[in-house]
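Q: Sequence:
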Amino acid sequence: METKYKIWDPSTGIHLGPITLHFYSLMFICAFGLGYILMTRMFTIDHVNQKYVEPLFTWTLIGTILGARLGHVIFYQPELFKEDFWSVFLPISTKNGLKFTGFSGLASHGATIALILTTLYYSFKIIKKNPFWVYDRLGIVVSIGGAFVRIGNFFNSEIIGKPVDENSPFALLFPQQSSEYGITVPRYPTQLFEAFGYVCLFVLLWVLYRKTDKKYQQGWLFGLFFIILWAVRFFVEFLKEPQGDEFIQFAGLNTGQILSIPFMIAGLVIMIYSKNNKIAPEADKTF
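In numbering that gives the first Met the number 0, the protein residues as written are 0 to 286.
Keep in mind the hints are simulated off the structure, nothing from the lab. No residue lacks a Cβ here, since even glycine has one placed at the ideal position from N, Cα and C. Treat the hints with care, as some may be off.
Claimed, not checked - Distance ranges between label pairs, derived from CB positions:
{"no.": "1", "residue 1": "Asn275", "residue 2": "Lys161", "range": "41 to 47 Å"}
{"no.": "2", "residue 1": "Ser24", "residue 2": "Phe123", "range": "30 to 36 Å"}
{"no.": "3", "residue 1": "His14", "residue 2": "Asn48", "range": "39 to 45 Å"}
{"no.": "4", "residue 1": "Ile260", "residue 2": "Asn129", "range": "23 to 29 Å"}
Unchecked claim - Here are the simulated DSSO-like cross-link-like pairs (lysine-lysine), alpha carbons at most 27 Å apart as the crow flies:
{"no.": "5", "residue 1": "Lys127", "residue 2": "Lys50"}
{"no.": "6", "residue 1": "Lys210", "residue 2": "Lys274"}
{"no.": "7", "residue 1": "Lys50", "residue 2": "Lys210"}
{"no.": "8", "residue 1": "Lys128", "residue 2": "Lys277"}
{"no.": "9", "residue 1": "Lys128", "residue 2": "Lys5"}
{"no.": "10", "residue 1": "Lys127", "residue 2": "Lys274"}
{"no.": "11", "residue 1": "Lys210", "residue 2": "Lys128"}
Sequences are here, hints too, so could you generate the full structure?
A: Have a look at this one:
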């Protein structure tokens with residue numbers, strides 16, 4: 000394809016004989032792999048027994064995948080419950096014959112809700128700590144993990160931006176974009192905008208965790224994480240194309256923006272609540 004525009008047209012993945020490791024899947028592996036390393040490091044810093052890392056990783060994985068998938072279907076593609084029920088829970092499609100598809104639709108709002116629930120179970124039943132202690136550290140991990148996921152979206156040419164002037168430094172062609180977006184024209188690389196925001200959030204949270212005493216104010220880091228993460232999502236949405244049918248719209252805001260507002264408010268409430276939820280450094284240890 001010859002054009003004067005900048006083009007993003009990558010290969011589908013890394014070919015290993017008959018198997019192709021798709022870049023989107025690779026980004027998920029990187030997200031969870033780095034998350035495991037970071038959580039292990041934080042548990043070491045906080046003098047918490049390493050035996051509690053693996054069950055947290057397991058419950059986080061379950062919550063992320065199941066919650067993200069259900070969130071996408073409920074908020075953006077509810078017709079799948081009727082038209083292709085098993086594709087909601089399994090990486091397959093039964094329409095027009097059985098075929099492996101992978102999970103092509105995942106929503107961060109659904110993943111967040113599921114992670115909150117699975118982490119509550121982990122906090123009360125396994126590590127036996129205040130859930131906000133776990134959330135504070137999980138927020139750091141999720142920040143960088145979210146950046147990897149958005150880079151995966153970039154490789155897949157999905158969640159693309161709205162058309163942009165061809166002279167803009169951000170103008171980019173996505174030849175592999177889904178047919179639902181129509182003719183291929185220069186667009187914003189909104190996946191990278193969001194990924195950059197999440198990387199900045201990760202750096203901020205990590206510095207606050209390591210260099211201040213905010214980690215002893217249980218919930219403060221998590222509240223800040225909620226506010227900034229969903230603010231990034233809220234503002235980048237102005238440059239995005241709609242993701243499927245927009246079932247929730249109000250005052251010019253789309254589904255993603257409206258769903259982000261309660262999370263930002265929740266973050267503010269949690270930060271205020273954290274003032275009365277401080278612990279002494281020696282109470283942070285679990286063996």
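Q: Below or equal to 27 Å on CA atoms is what counts here, so check lysine 128 against lysine 277.
A: Holds: lysine 128 and lysine 277 sit about 13 Å apart, inside 27 Å.
Q: Please work out if lysine 50 and lysine 210 have their alpha carbons no farther apart than 27 Å.
A: 26 Å, holds
Q: Does lysine 128 lie within 27 Å of lysine 210 when you go C-alpha to C-alpha?
A: 23 Å, holds
Q: Does the beta carbon distance between isoleucine 260 and asparagine 129 stay inside 23 to 29 Å, or does it fall outside?
A: 26 Å, holds
Q: Against the range 41 to 47 Å, how does the distance between the Cβ atoms of asparagine 275 and lysine 161 compare: consistent or not?
A: 44 Å, holds
Q: Take the C-alpha atoms of lysine 210 and lysine 274, compute the straight-line distance between them, and say whether it is at most 27 Å.
A: Answer holds: lysine 210 to lysine 274 is near 19 Å, not above 27 Å.
Q: Histidine 14 and asparagine 48, beta-carbon distance inside 39 to 45 Å?
A: Hint holds: Cβ distance 42 Å, inside 39 to 45 Å.
Q: So does serine 24 sit 30 to 36 Å from phenylalanine 123, Cβ to Cβ?
A: Between serine 24 and phenylalanine 123, where Cβ atoms are some 32 Å apart, the hint holds.
Q: Is the straight-line distance between the alpha-carbon of lysine 127 and that of lysine 274 27 Å or less?
A: 21 Å, holds
Q: Decide if the proposed pair is consistent with the structure: lysine 128 and lysine 5, CA atoms, cutoff 27 Å inclusive.
A: Given that 27 Å is the threshold and the Cα spacing comes to 50 Å, the pair is violated.
Q: Do the alpha carbons of lysine 127 and lysine 50 lie within 27 Å of each other, as the hint requires?
A: Roughly 13 Å between the alpha carbons, so the hint for lysine 127 and lysine 50 holds.
The structure does not agree with numbered hint 9 stated previously, though it agrees with all others.
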